[in-house]
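All chains should be modelled from the sequences, with the hints used to inform the complete structure.
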Amino acid sequence: MTDQPTSSPRQFLLNPTRSAQQGVHINIGKFGPEYEKIVTTMEIHPDDMAELGVVDGDWIVVSTDVGSAEFCCKSGKVPVGMLVVPYGPPTCKLMSGDTGGTGMPLSKGWDVTAEKIEKPAQSPNED
158 MTDQPTSSPR QFLLNPTRSA QQGVHINIGK FGPEYEKIVT TMEIHPDDMA
208 ELGVVDGDWI VVSTDVGSAE FCCKSGKVPV GMLVVPYGPP TCKLMSGDTG
258 GTGMPLSKGW DVTAEKIEKP AQSPNED
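Throughout the sequence shown, residue numbering follows my numbering, covering 158 to 284 in sequence.
One or more of the hints may lead you astray.
Stated by the list, open to error - Derived BS3-like pairs: lysine-lysine, alpha-carbon spacing no greater than 27 Å straight-line: (1) Lys234 to Lys194; (2) Lys250 to Lys234; (3) Lys194 to Lys250; (4) Lys194 to Lys273; (5) Lys250 to Lys276; (6) Lys234 to Lys276; (7) Lys234 to Lys273; (8) Lys276 to Lys194; (9) Lys273 to Lys231; (10) Lys194 to Lys231; (11) Lys231 to Lys276; (12) Lys250 to Lys231; (13) Lys273 to Lys250.
Keep in mind that the hints were calculated from the coordinates and are not lab data.
Structure, rendered in structure tokens:
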């Protein structure tokens, strides 16, 4: 269940990716809190964060036509208008079955909306 949004939705381009840190934790175990924190931390340009009214550690809900998922914000060196997050269970909630004829779901360049939400009750991003 998604918490109530606290801002107006904004359009972004989402590019899920792989990270070295994520790769290490896949081998250790994908069900631990460290892995969950990695795949729920989304990098956002500081200007986009300001527009959304979020700071590092705040939460947003990202939505596609298929579904939505919650992510913790982190300021990053990404282009304005783009969101970047490692692949994981949350990004799977956003993916459609469209393969573009490749046999693998399309997984880059998704048009999404994002808006600020209250911190989830069971956040993997507790410090």
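Hinted pair Lys234 and Lys194, Cα distance within 27 Å:
19 Å, holds
Quickly compare the C-alpha distance for Lys194 and Lys231 to 27 Å and report which way the hint goes.
12 Å, holds
For the pair supplied as a hint, Lys250 and Lys276, is the alpha-carbon distance within the 27 Å limit?
With a Cα-Cα distance of about 19 Å, the restraint between Lys250 and Lys276 holds, given a limit of 27 Å.
Given the hint that Lys234 pairs with Lys276, test it: the Cα-Cα distance must not exceed 27 Å.
24 Å, holds
Can you confirm whether the C-alpha distance between Lys276 and Lys194 stays at or below 27 Å?
At roughly 14 Å apart (the allowed maximum being 27 Å), Lys194 and Lys276 satisfy the hint.
Between Lys231 and Lys276, is the straight-line Cα distance small enough, at 27 Å or below?
14 Å, holds
Against the 27 Å threshold, does the CA-CA distance of Lys234 and Lys273 hold or violate the hint?
Distance of about 20 Å is within 27 Å: holds.
Assess, step by step, whether the Cα of Lys250 is no farther than 27 Å from the Cα of Lys231, and give holds or violated.
At roughly 20 Å apart (the allowed maximum being 27 Å), Lys231 and Lys250 satisfy the hint.
Hinted pair Lys273 and Lys250, Cα distance within 27 Å:
18 Å, holds
Taking only the CA atoms, is the gap from Lys194 to Lys273 under or equal to 27 Å?
18 Å, holds
Checking one constraint from the list: CA of Lys194 to CA of Lys250, max 27 Å. Satisfied?
Within the cut-off at roughly 16 Å; holds.
Would the hint linking Lys273 and Lys231 be met if the CA-CA limit is 27 Å?
13 Å, holds
Violated hints for the displayed structure: none, as all numbered hints are satisfied.
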